[in-house]
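**Q** Next come the chains, spelled out residue by residue.
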Amino acid sequence: GAGVSQSPSNKVTEKGKDVELRCDPISGHTALYWYRQSLGQGLEFLIYFQGNSAPDKSGLPSDRFSAERTGGSVSTLTIQRTQQEDSAVYLCASSFIGGHYGYTFGSGTRLTVV
Amino acid sequence: RKEVEQDPGPFNVPEGATVAFNCTYSNSASQSFFWYRQDCRKEPKLLMSVYSSGNEDGRFTAQLNRASQYISLLIRDSKLSDSATYLCVVDDYKLSFGAGTTVTVRA
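If you read the protein sequences in the order shown, they are chains A and B. Note that the working numbering numbers the first sequence so that position 26 is 26, with each residue one more than the last. Throughout, the working numbering is defined as the position within the second sequence, counted from one, plus 1000.
Simulated from the structure, these hints should not be mistaken for lab results. Hints may be right or wrong, so weigh each one.
Stated by the list, open to error - Covered stretches of chain A (in silico footprint by chain B; criterion: 3 or more residues with CB under 8 Å from a CB of chain B, positions within the stretch not fixed):
id, stretch
1, 72-86
2, 105-114
Stated by the list, open to error - Here are the simulated lysine to any residue pairs, SDA-like style, with alpha carbons at most 25 Å apart:
id, chain 1, residue 1, chain 2, residue 2
3, B, K1079, A, R22
4, B, K1094, A, K15
5, B, K1045, A, K15
6, A, K57, B, Y1093
7, B, K1042, A, L39
8, B, K1045, B, N1055
9, B, K1002, B, S1049
10, B, K1042, A, P55
11, B, K1042, B, S1068
12, B, K1042, A, N10
13, A, K15, A, T112
14, B, K1045, B, T1102
15, B, K1042, A, G71
16, B, K1002, B, F1021
17, B, K1045, A, I26
18, A, K57, B, A1099
19, B, K1002, A, I26
20, B, K1042, A, P61
21, B, K1094, B, R1059
Glycine residues also receive a C-beta, built at the ideal position from the N, C-alpha and C atoms.
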């Protein structure tokens, strides 16, 4: 597609349930990032992929969070046993290697844990 | 110390005014810098890259000061549509975002 696609756009889940968020990067972009943004806050780095490998997982808040990327394309972010503090907008961005032309963000998944 | 720090504002300016704000970064080895804009409840969008020599894109001018480790953004002849939060981004393979500077342009 022409842009970074994220699904679902909105997700309401009950506390304790698992959720899976999906990101389809721009075709040909090798780098893929996950961020989250709580209401009124800045962007918090979660994880970075270069191809299928994740050199930096340092931003994942706890072991309930995991992410994978297959075929150098689609990535999924999984949150197990969701908690209310997980409520946020989860943003995915992709770029060509080196990011010299900037990074393109998807429109995000708004996760609400009730 | 945070990796990227910005003056949160808000900057409230009339149409046609010039507004400028800075962002400081902690890693002296950082090489790539960007300004993004984020509208309310929308994703960040690239406004411009910041080059060592400084660069201009229409009414927007970005500057980099490596000695003092800051970048700046200047908006001339501001428009109502410039109202947004401007995010400073430092790219050390991991994008580090400032918390944003809010600009409101009033009629």
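**Q** The structure should be examined with respect to each hint, and the outcome stated for every one.
**A** Checked hints:
no. : hint               : verdict
1   : 72-86              : violated (count 0)
2   : 105-114            : holds (count 4)
3   : B:K1079 to A:R22   : violated, 36 Å
4   : B:K1094 to A:K15   : violated, 30 Å
5   : B:K1045 to A:K15   : violated, 32 Å
6   : A:K57 to B:Y1093   : holds, 13 Å
7   : B:K1042 to A:L39   : holds, 12 Å
8   : B:K1045 to B:N1055 : holds, 18 Å
9   : B:K1002 to B:S1049 : holds, 21 Å
10  : B:K1042 to A:P55   : violated, 28 Å
11  : B:K1042 to B:S1068 : violated, 32 Å
12  : B:K1042 to A:N10   : holds, 13 Å
13  : A:K15 to A:T112    : holds, 9 Å
14  : B:K1045 to B:T1102 : holds, 15 Å
15  : B:K1042 to A:G71   : violated, 28 Å
16  : B:K1002 to B:F1021 : holds, 18 Å
17  : B:K1045 to A:I26   : holds, 15 Å
18  : A:K57 to B:A1099   : holds, 21 Å
19  : B:K1002 to A:I26   : violated, 30 Å
20  : B:K1042 to A:P61   : holds, 23 Å
21  : B:K1094 to B:R1059 : violated, 29 Å
Comparing the model with each numbered hint stated earlier shows that hints 1, 3, 4, 5, 10, 11, 15, 19, 21 do not hold.
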